[in-house]
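Using full-length UniProt numbering, read the sequence shown as starting at 1 and increasing by one per residue.
Incorrect hints may have been included.
[Stated by the list, open to error] Once the Cα atoms are required to be at most 30 Å apart in a straight line, the calculated DSSO-like pairs of lysine-lysine come out as:
#1 Lys-99 x Lys-272
#2 Lys-272 x Lys-347
#3 Lys-246 x Lys-99
#4 Lys-272 x Lys-458
Keep in mind that the hints were calculated from the coordinates and are not lab data. Given the structure is predicted, the values throughout are model-derived calculations rather than measurements.
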Amino acid sequence: MHASSFPLPRQPLPSLAETTARYLRSLEPLVSPEELEQTQQLLAEFGVPGGEGERLQARLQRRADRMENWITDWWVQSAYLESRLPLAVHSSPAVVLPKQDFNDWKGQLRWNGSVNTTRHPLQIPLLLHLTNITDPFVLFSHLVVSDSSPFCLSHPLSLCLFFPHVCLLLLATPFSQFIVGEDGSCGVLYEQAVAEGPPIATIIDHVLDYCKDPVPVRAPLIPLQLPKKLYFCFTPEIKRDIEHAKQNLDILITDLDISCFTYCGFGKELLKRLRLSPDSVLQVALQLAYYRAHGELCATAESASLRRFHRGRTETIRSTTSAALAFVRAMADDDCQAPERLSLLKKAVEVHSTLTEQALAGQGIDRHLLGMKLEAIADGFRVPELFMDTSYAVASHWKLSTGQVAARTDCVMCYGPLVPDGYAVCYNPLPTHVNFAVTAFNCCQETNAEHLAGSIQKALDDVGALLGNWGVGSDQRQP
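Sequences and hints are given; from them, build the entire structure.
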């Protein structure tokens, strides 16, 4: 397949000077002048000729020359595989699909059968390979549990006692699964370590289009055997573990605060006619919404796809900019007039569009910074002071995790926040409206998903009014 397809270029390695300069600019709206000055000194020391930065950059370049992709393996390991948190809420996103109209339970089963058609059981060689594994880390990577941390607390020797039951916990399903409810509600759950949102949205569009006009399938000439009910023998230990997993999942569900809504004031068609990036306009509106809800801006991460490069995954767009800060402050200033606000809005949108272009071209800063940090660790060097800096901690504490997952289907993706005191906001811009999903944790008293959702709607109203007063009324919102 790869041999016959058009070869993709390798993901480029950004220059050290450009990354450090862009990183410093990204800190301006987030840290104090004193912290910014301290970071500037650290960057100057880091980038001196023959210093730490140049040494790590040279090693990264050698890695880029000999590997298919210089960062993807490290990124998948650090972002997904090393996490000991449960996949549900913390990692695996869900997609809310349009509600289906089933006449009865048979219709539900038929539709479920159309979208869930494949299962890939583990092959016998893999099972034999797993039975010979002695490395606990490799073994743990094949376990599906509600929380992997308890296994880390066990004695390694206990694995030999647990091993007869390991096959019951092996991941033997595809990375995505459609979930169909008897009331017509349906959605998709998938494992993010394999793919990010946009490819999943493309698959969903294809599957739902197929379900609307499926290819007729002829009945087999030979009658199929009647299905046989399978009986499983659960030991008391397995029953206890299952019950414990159910309790942990219930706690996760109870703690997740979700607010989904459709904003009907405008969609991407209108913004494109104005020659504005719909995503950039929405990102600036999110900055305004958070500022109004919390009185300040925060570190904001937006995921950008690097699929244009061979084995590329994602880069981070840092949406919190000095231009966005100037705009939200102008919106809070009663003395600031509409023309000036509009000018600042356009400037903030332009800056975000530029950052997006840089990220999509493989010239973002976050994967480069991560690569230098992990290169230092892999080579046994001390971690540079740059990564111990207060500014680095503040700018990497993603209180606002955002993402545009565009699909032709009238759906929206949702996932949990990256940090306990943060939010996750995912949106699907459609021609005439935008679907949003906002999440937060109930255990944090500082965050409230419904409150931020209301602030987002108000921010979009005000942005729409600035861009032309296109009848963005409260009666156009749909819960």
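Hints, verified against the model:
Note on Lys-99 and Lys-272: the hinted pairing holds, with a Cα-Cα distance of about 29 Å set against a maximum of 30 Å. At most 30 Å may separate the alpha-carbon atoms for a hinted pair to count; Lys-272 and Lys-347 meet this at roughly 16 Å. Between Lys-246 and Lys-99, the direct Cα distance comes to roughly 27 Å. Compliance with the 30 Å bound is thereby established for this hinted pair. Our distance criterion of 30 Å between C-alpha atoms is met by Lys-272 and Lys-458, whose separation comes to about 21 Å.
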